[in-house]
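Chemist: Residue strings, one per chain:
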Amino acid sequence: MQEWLPQLVTAILTALTTGGGLAVWFNYRMSRLNAIHRQDLARTRQTRLDRADEIDVLHKDIEDLRTDRDDLKKELAEVRREFAAAGEKANQVVSDLKDKLTASLIEQGRLREREQHLEKRVHDLEAELAKLRGEQ
Amino acid sequence: MTHRILIADDSPDVLASMGRILREADYQVTSTNSGMDALCLLRSKPSPDLLILDLVMPGLDGKAVLEELGPSSPPVLVISGNDEETKAIDRSKIAGFLAKPFDDGQLKRKVAALLSSMKDTTLDESFPMTDEQRAKAIERRDRGKKVNGGV
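Line by line, the protein sequences are chains E and C.
Residue 50 in the numbering used here is what sits at position 50 of the first sequence, and the numbering runs on without skipping anything.
The numbering used here runs 1000 ahead of the 1-based position in the second sequence.
Some clues are possibly wrong.
Capping the alpha-carbon separation at 27 Å, the derived lysine-lysine pairs in DSSO-like fashion look like this [said to hold, decoys possible]:
{"no.": "1", "chain 1": "E", "residue 1": "K89", "chain 2": "E", "residue 2": "K73"}
{"no.": "2", "chain 1": "E", "residue 1": "K120", "chain 2": "C", "residue 2": "K1108"}
{"no.": "3", "chain 1": "E", "residue 1": "K131", "chain 2": "E", "residue 2": "K120"}
{"no.": "4", "chain 1": "C", "residue 1": "K1087", "chain 2": "E", "residue 2": "K100"}
{"no.": "5", "chain 1": "C", "residue 1": "K1108", "chain 2": "E", "residue 2": "K98"}
{"no.": "6", "chain 1": "E", "residue 1": "K74", "chain 2": "E", "residue 2": "K60"}
{"no.": "7", "chain 1": "C", "residue 1": "K1045", "chain 2": "C", "residue 2": "K1108"}
{"no.": "8", "chain 1": "C", "residue 1": "K1045", "chain 2": "E", "residue 2": "K100"}
What the simulated footprint calls covered on chain C by chain E, stretch by stretch (three residues with Cβ under 8 Å from a Cβ of chain E suffice, anywhere in the stretch; the number is not a length) [to be verified]:
{"no.": "9", "stretch": "1016-1030"}
{"no.": "10", "stretch": "1098-1107"}
Since the hints were derived computationally from the structure, they do not count as laboratory data.
Cβ coordinates follow ideal geometry from the N, Cα and C atoms, glycine included.
The task is simple: from the sequences and hints, build the whole structure.
Modeler: Right, here's the structure in full:
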């Protein structure tokens, strides 16, 4: 037997073993990468779905906020109308009271003058009466 | 000479009390509760010597009456209890102003002051005048109104 034959067989076996190992390793790496890629895809799909759900929820929130805002606008307009009406009514009440007060003040002054006039007349008549009595 | 006074106010209480007190002070008083009637009465003869005008009235209000007044209109004593309305009026057309509420003394003093101040400045419509004389007389009278009144 040639001296180099066992070395050759060993070399071939080693090469075969190494090649198989490499193939096994390569297969393992490939499957691992595929799994990672699938996980990534699944995660991305899930993220997309989550985002879509989130967007839907946000759209709904925006819709709700717009509805609330419209309701508030209507409420505000109503309050403004009521405020203006109340202000107008208050002005009218104040104006009416000022009219009544003016009329009362004038009337009071007129009656005071009339009273003074009558008191003076009574005083004059009493003086005249006393004079007449004195003459009698 | 008895002065003629026209009172325009939508409050019957104010009309009645002002009418009574001014009549007792020997003025000849006509009263109305509408701006439109006030304008008609201003154009009647003999025209009043003084218009006492409330600003807030239904229909034609005091502001609208003031806008309709011409140069030959009598002096106007504005009475009002509404501050916002008072700020918005054309002061050049007002001879005097009384803020409600006022009493009989304030009213009589104001009316007497306005009537005495207009003696020399009122236009005598029956007196023949040239256009220039009339313009000068109007200017003089209006100047007198501004001096004696104002819000």
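Chemist: Each of the hints needs a verdict: does it hold here or not?
Modeler: Verification of the hints:
no.: 1; hint: E:K89 with E:K73; in the structure: 24 Å, holds
no.: 2; hint: E:K120 with C:K1108; in the structure: 22 Å, holds
no.: 3; hint: E:K131 with E:K120; in the structure: 16 Å, holds
no.: 4; hint: C:K1087 with E:K100; in the structure: 22 Å, holds
no.: 5; hint: C:K1108 with E:K98; in the structure: 18 Å, holds
no.: 6; hint: E:K74 with E:K60; in the structure: 21 Å, holds
no.: 7; hint: C:K1045 with C:K1108; in the structure: 24 Å, holds
no.: 8; hint: C:K1045 with E:K100; in the structure: 32 Å, violated
no.: 9; hint: 1016-1030; in the structure: holds (count 6)
no.: 10; hint: 1098-1107; in the structure: holds (count 7)
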